[in-house]
Amino acid sequence: MTPIIVILVYLAIIAFVGGIAFRRGKTNTEDFFLANRSVGEMVFFLSIFATNMTAFAILGSSGQAYRQGIGIYGLMASSSGLVIPLTIFLIGTRLWALGKKFGHQTQVAFFRDRWECDAIGTVIFALSAIMLVPYMIISIMGGGTVLAQISHVSGAAAPLIPYWLGCGVVAVVVTLGVFLGGMRGTVWVNILQTSLFLCFGAVAVAIIYHALPGGFGQYMTELAGNPKTRFLVTREKMPPQAFWSYTLIPLSSIMFPHMAIMCFSARKVTAFKRTVVLYPLAILLIWLPCVLLGVLGVAALGKVADPDGILLLMLDKYAPAWLAGLLGAGIISAVMGSDAHQVLALSTMFTKDIYQHYGGRERYGEKAAVHFARGFIILVTVAAYLVALGLKNKQGIFEIAVRYAFSGFAAMAPIMVAALFWKRSTKWGALAAALFTAACLLYFAVLQNSRHPGDVIWQIGQGKTALKLLFINARGDVSFWNGFMTVVPMVFGSAFCMIAGSLLTKPPSPATLDKYFPRAESQRASGSAGAVEEPAKTTEHCVNS
Amino acid sequence: MKSLKTVLLTLLVLAVYLLHQDFWNWTRATPLILGFLPVGLAYHAAYSILAAVTMAVLVKFAWPKHLEDAAEK
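Chains as they are written, first to last, in the numbering used here: chain E, 1 to 545; chain W, 1 to 73.
Calculated directly from the structure, the hints in this document are not laboratory data.
Every residue, glycine too, gets a C-beta built ideally from N, C-alpha and C.
Hints may contain errors.
[What the hints assert, rightly or not] Pulled a few chain W residues facing chain E out of the computed Cβ check, cut under 10 Å:
no., residue
1, L4
2, Q21
3, W26
4, H44
5, V53
6, L58
Starting from the given sequences, assemble the full structure and let the hints guide the process.
In structure tokens, the structure reads:
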């Protein structure tokens, strides 16, 4: 009962903070969606970190460590610790500056203006929304599952908080926070959430360390000495190709609409300084304890029915009940922190990129846009809740969708890089890259669900010397040549489409290029060549641009 | 001078990226660092700290100050 009380108190605090933010808010979209671009340094860091951390960072990481061993940390955490801050440093700061200068509130608005084309923005909007929705649904499902697990008293037939109620609680609290507080409420809540799950890992490790007879060292030595479990403390069973492929996955982070929108919300560019330095350390604080406890779970508890619940089982056995409550609150924090940003991002995109872009504000005014956004938040959360209930035992479908969504967003990173750094890039290159990404997602998802492990889809040559280009690996995942993950051909293929499509078509007009790539004063004075590309004819542009 | 700084910082980032692929630790479990961390896990924990240091170096020597100035204008 104690864990449930801790979690309910926590949820009440979250709802209360949302209410305060509501009273501080103003009725314009810049305030509702971006907190008036006023997010300070430390809040920005805590919030951007919460945006990226899902329940997977706590439960999934320990579950995967239980199954695959310590390699999970290098595979998923340490690569993110370098690549994500690097993309925030190189791309996030530029997005912030463009948002501040030209008033963009979403990356779609930036793409439309940068390439003088409505259609490219609409295509990227549609693709982003399709990839984001499963992510949001799985967050609600994760919250419902965790609350049911934590509230299950041993010996009882059913949990105190059943799955449907758990999903409902998460959906209602997230909706309240976002509906009332918008971006301001979301980032305020993130301060509490991130602090909570940053502290959780260290506390859990310290308590379990003292509770385990013999300490961690003895268990690790046992695992290393047993040929059957040795792979858990090495990477013997982890393919190096997958290990490298995974370094491309964090490229997805900056392409998530909620991450890009967060970058627009900072008050000053200096807010990014602390974030990029602290980000790898925060990942270390969360992932290292979870991976360590997941591996130790094999030695301490042996075989368990649900590896994703290994952390809960370890706490149940070796820690006091209040810590399990803290863990529950930490997990719910991670679920709600990311879910709130996803809901807000979808609402921002629909309101800004569709409703306002196609004349809604002119017709109904600025206040109506905020009402539209709030209505959309309710609609989308109710829909996500109903889907989460309807597909209770089919979570795997969304897990696959989310897995491909990460590859999909990573494959869209070349579009963003080209928009920001390559003057010669064109809307046709971006369109080719976006369509290539969509086609890959669809194709790989079909293969994943229709083929079996060992099936070869594409190969060059015949017999033993045949070169397998695309096949289903032993775990049932689509694999590219030599065992690389599908994210590899997707990212490089998308980059190729961007480059080829741009080189074959004419760049945007000189006015737009001057806007986004202003020449130095000296160059302007001397009129130096090469600074601006050949002007594009107006017929090149989209009809609506 | 500016281009030399750019080259050096690019090489630094590239080197850190390559250090992630620690093939030399692939099949090693020992020594246990601090008495309980398998060497592969300890390496990547240290790698996270290295990533933070790298970002601090980038912030110090390659901070896009011009962005703030341009946005203020």
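Hints the structure violates: just list their numbers, smallest first.
1
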